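**Student:** Sequence:
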Amino acid sequence: MLAEQRRSRILHEVAHRGAARVTDLAVLLDVSEMTIRRDLDVLADRDALDKVHGGATARRAPSTDEPGFAAKSVRQQAEKEAIAQAAAALVSPGAAIAISAGTTTWTFARRLSAVPNLTVVTNSIQIADVFHASPSPDTSVVLTGGVRTPSDALVGPVAVSALRQLHVDLVFLGVHGMDPGAGFTTPNILEAETNRAMVSAAQRLVVLADHTKWRTVGLSTIAGLDQADVLVSDDALPHDARKTLGDEVAELVLAPGPAVALPPDTHPVNAKPAHAIDAIQGDS
1 MLAEQRRSRI LHEVAHRGAA RVTDLAVLLD VSEMTIRRDL DVLADRDALD KVHGGATARR
61 APSTDEPGFA AKSVRQQAEK EAIAQAAAAL VSPGAAIAIS AGTTTWTFAR RLSAVPNLTV
121 VTNSIQIADV FHASPSPDTS VVLTGGVRTP SDALVGPVAV SALRQLHVDL VFLGVHGMDP
181 GAGFTTPNIL EAETNRAMVS AAQRLVVLAD HTKWRTVGLS TIAGLDQADV LVSDDALPHD
241 ARKTLGDEVA ELVLAPGPAV ALPPDTHPVN AKPAHAIDAI QGDS
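Under the UniProt record's numbering, the first residue of the sequence shown carries the number 1, and numbering increases by one thereafter.
For the record, the hints were derived by calculation from the structure and aren't laboratory data.
Only a predicted model underlies this, so the values are computations on that prediction, with no experimental measurement involved.
C-beta: ideal position from N, C-alpha, C; glycine also.
Have a look at the derived ranges for each label pair, beta carbon to beta carbon:
(1) G224 x G94: 27 to 35 Å
(2) L28 x R148: 41 to 49 Å
(3) D240 x Q85: 21 to 29 Å
(4) P256 x P93: 23 to 31 Å
(5) Q5 x G54: 22 to 30 Å
(6) Q5 x R148: 39 to 47 Å
(7) Q85 x D30: 38 to 46 Å
(8) S136 x Q227: 30 to 38 Å
(9) A78 x V52: 24 to 32 Å
Work the whole structure out from these sequences, hints included.
**Tutor:** Below is the structure:
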């Protein structure tokens, strides 16, 4: 295997797992640990990963980095579609739900056209437009006011004030990142405050986050991992994430995503496949 091929494989492993140890990479690629360390030096110099003691971790974006809606909408599309389909199974006819801004939640909203008699509260113009484009006479949409962010969320005191007067059965929350220490986060302080108000307005919290959000940390925390009643992710979620999240959230749902070769020991921990989702609306 050529050096660049080996480094490409290292990047794949680190990106997929979030982190990798020198010893494991040496065994996987059948080379010496010294060779792996040199490869990590080269990749770290390219800003392709972060080298740490004993291995490497995926390179993190700055905690204040906030990509726009268009940029985020083309990322992990297959995973978002799988998550959206699994999450839509949690919505019962006649429910009052809140949907936060984001491209994963926008994808989810597009799955709800067949659910009758919904009341939808959202701080996203994009999500409100989804229901406007496919109008249903028995669906009501409440759009909060607020200041528009780069990711097309309406945030700030006006949005918070509106949300504090409302009560919904479920909130479907999109997040910038999820981390054992930081919890569910966003790079925008005002969006975090608005999302916290949305979470407080709901009886149950459902977080929608694909596997790339694991160990990504935004500037401000929305909620702790243990506050989620349900977390819907995709089945490329790394083993350490499955274990941690399985212990923290009340229910972890892994939606089938694109075919990805996982390590042999990567098995769900306290996780249910999408087809085994229990309806939670009746418990509200």
